[in-house]
Amino acid sequence: MRKDVRRRLLILICVIAITLIVLMLLNAFDETMKPEAFNYYIDKAMDETEMPNIVTAIYLQYRLFDTLFEALLLSVAVSAVVYFAAAWEKEEGDIENE
Amino acid sequence: MILYAFIFIPIITGTLIYLIPWKGIVKVAFGLQMGLMALSIYNFVYIRLNGPIEVVIGNFAKIAGISLRCDTLSATLLMLTAFIFLMCFLFGLMDKFMNNLFVFFFLTLQALTMVIFLSGDLFNIYVVTEVSTIIVAVLIMFKKDSRSLYDGMLYLITNIAAMTFFLLGLGFMYKIFGSLDISIIGAKMFDIENARVLAMPFAFLMTGIGLKCAFLPLFSWLPKAHATPSAPSIVSVILSGLYVKCGIYLFIRVREMFLPALEMDDIFLVIGILTGIIGFILAMSQKDIKMILAYHTISQLGIVLIGITAGGEYAYYGGVLHLFNHAVFKSLLFLSAGIIISKYGTRDITKIRGVFRRMPYVSGMTIAAMLGITGAPLFNGSISKYFIQSGVKGGIIEYAMILINLGTIISFIKFSQMFFGKGLAERIHIDFGKKAAVTTMGLMCLLMGMGGTLVISGIINYRVSIDILEYIKKALVYFVSLGAGYLTYNKYLKKTKFIKEGYELELSINGIAISMMAFFIFIAAAAYVIL
Amino acid sequence: MNERADHSEILEDILLFIYPLIILFGIFVIVTGVTQSGGGFQGGAVLVAVLMCRYLVYPDDMLGLNAIKKTDKIVLILILVLGVGAILIGFSNLPQYIKNIYNMVIGILIGIRVSSGLSVIFYTFADIEGGD
Amino acid sequence: MTEINFINAQNTAIVIFFIGVYGLCARRNIIKAIISLGIMGGGAILFFLSVNRGPDSMPPIFNGDSFVMADPLPQALVITAIVIGVSVTAVALIMFIAMYHKYGTTNWLKAMRHRIEREDE
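Heads up: the sequence lines are chains A, B, C and D, in that order.
Read in order, the letters of the first sequence are residues 7 to 104 in this note's numbering.
Read in order, the letters of the second sequence are residues 91 to 621 in this note's numbering.
Read in order, the letters of the third sequence are residues 4 to 135 in this note's numbering.
Read in order, the letters of the fourth sequence are residues 6 to 126 in this note's numbering.
Be aware that one or more of the hints could be misleading.
[To be verified] Under the rule of at most 30 Å between Cα atoms (straight-line distance), these lysine-lysine pairs were calculated in the BS3-like manner:
1) C:Lys102 to B:Lys117
2) C:Lys102 to B:Lys234
3) B:Lys234 to D:Lys37
4) B:Lys233 to C:Lys76
5) B:Lys233 to D:Lys107
6) C:Lys73 to B:Lys233
Hint data in this document are derived by calculation from the structure and do not stem from the laboratory.
Using the sequences and the accompanying hints, generate a full structural model.
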């Protein structure tokens, strides 16, 4: 048990060090370019889509492709969950038979 | 328009097949594959004649929507995807596991692979990669036997963690550039003033991609996932032959995107060489047929990485060509390994003997693939390795390439032991579909070797020529390596504990996560120092 | 008396009162997603709460799980076909009233999808956990 | 004031992300690994939401007035990321349950040893 705690402590120190380095690097330089996509949506989205809610406009029209794959993802996850759950139930039955 | 067909037809067909409760419908998928193959050839010819095409989905402005981009590289990869999936369906059409659910997952995976090759939007690539990761994990565990459960779980957790790194990197990219489109970001890369701001996003993105392409410290998940004992061999084919190329393709694209501001080719070159060497050393010590092949995938990916990053057009196109060659011969090797495993009932290479006498046909094709992977003259591996080597003529990289090749040869001498020896004499019957798939792949090995220059100038609009004298020299080096490998293996290595008992570099999830952190901080520090 | 031990009557009565509110709220969020904050995904996630509440009261009664699974796949195909159709025609070529119908329909479909998918996941897990 | 400026959404996101990474590196429990993935995802999502967003930004919904809007794109992306997180967690958990019934352990190391033993059979 002691050894486990020491290992975790070591990893904790390393991760904290890395986090600090990342934070430092992140805050040391700051260069952002003109947010073109943002400006485009603010200026044109209302005229193009006639949807006041731009988030929905992006979700349903500009990035519909992502949305389709998201729907597919949920479907795949559902199939996977059902498939594995069925396996477990069948196996339980096998054990009872023995 | 044609690009949508590649993406949506397989998904919709797969879902319909899943919904219809009749097993015979699976045959439809095979017809679909033929159609997709024809379509992809048409698409390739079209792209080759008319130049790259780019469509923004829904006809919006490029900055607002998601764009699909198809140049010759992605068109060729689409062709490769269609070809490998066609072969897989030909091979496995009669097998028992080919039920409707499996076909649903399989066709969806094909569509997703094609999206990764086509998409020009980083977030879209992230979404698609996540979906395909889940599908691959399910396919690995498809027979739900106890070993594959651990392998699939490990695969899922590590890859999702890597993709979360990728997602955070995307956040950085969006913050800096205000867009997620690869070509827009690539164009803006010239305007960046303080390039050090790129170190963090680059490190985050590369950690995600590096795990996908199994670079040096991050390959520990790959052999288990690609060589799970119970996974159907066509799943191994797809993973090792095709799916791992998505990672390399992403690497090529992201490297290209960052190239104006941040060039780290030297570091990736070193990583590539080390990956190649570690891959064959571990492959040598394996006893499991599939494991040997899986470790060779790591080694060959190292060679591809060397080709891409070594500098010079020749080496770059050699690397890209090696991507295709590797897909062909590794798929063939996995297919024939699948046949051998199912007929012999064991995966232990020390127990399988006399394959050549029992199935001469399959063995012949397997030997063609082995000649391909070791780079024998006239076979496909030799051409791509020739180009990589001629790009980096002289210097330590060429010797490293020869060393990796020697290691591959030694390992395949061990592999070839199973063809010889006395076994039962009677022939084993093999289905027509399996035979046809294996034959096509074997012929591809030979054809891509004979017409290597034609292939490369067909793929990319770039004339290359092979110096005959140089090629003969390479052939001589090959035969010397072959002899040296044979001698080393039989005289020294055969009796060592390393070869006999096997050695496995097992990292648990903690180990993989720690190496991921190490890789991340290494890349970040290197990028920071270079800039 | 044993039947009552399975589920408390207070819970049942309160849920009877809450059901319609949740359903109404979910539909409201889906339908008004175009003009206010909300949308198909958010509304669908709200609708799942109905099934979860039902599970609290009648843990053993799985409400047509197979039908929900079928719905899931059929709605996926509908969404794909609708989305691909819209992409192929191009949004800018569509007249505004068709676009409005499209937004409404696809929002509702996504809502159904999310709620059916999440409820299948929830029921499957609940079944495994509650089984023993 | 500098301390308060330092505690912003972006830095918090990074810290949350690395808490998840710590969990993945140090903990041997499979469920905790899955939870860690969720935490990492949460960090990444928070980072996305912090882009192009000031303290006085309003939701990006037109209602006739003019005001400072938050960037709508990250919000749309985040919906997708959340669905991905849900699905991944569900699949990982069901796989864990299947694995638990085979191996009878929640520990990565023990599971790994089980796997190697079965290989020898």
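*Output the numbers, in ascending order, of every earlier hint that fails for this structure.*
1 and 2
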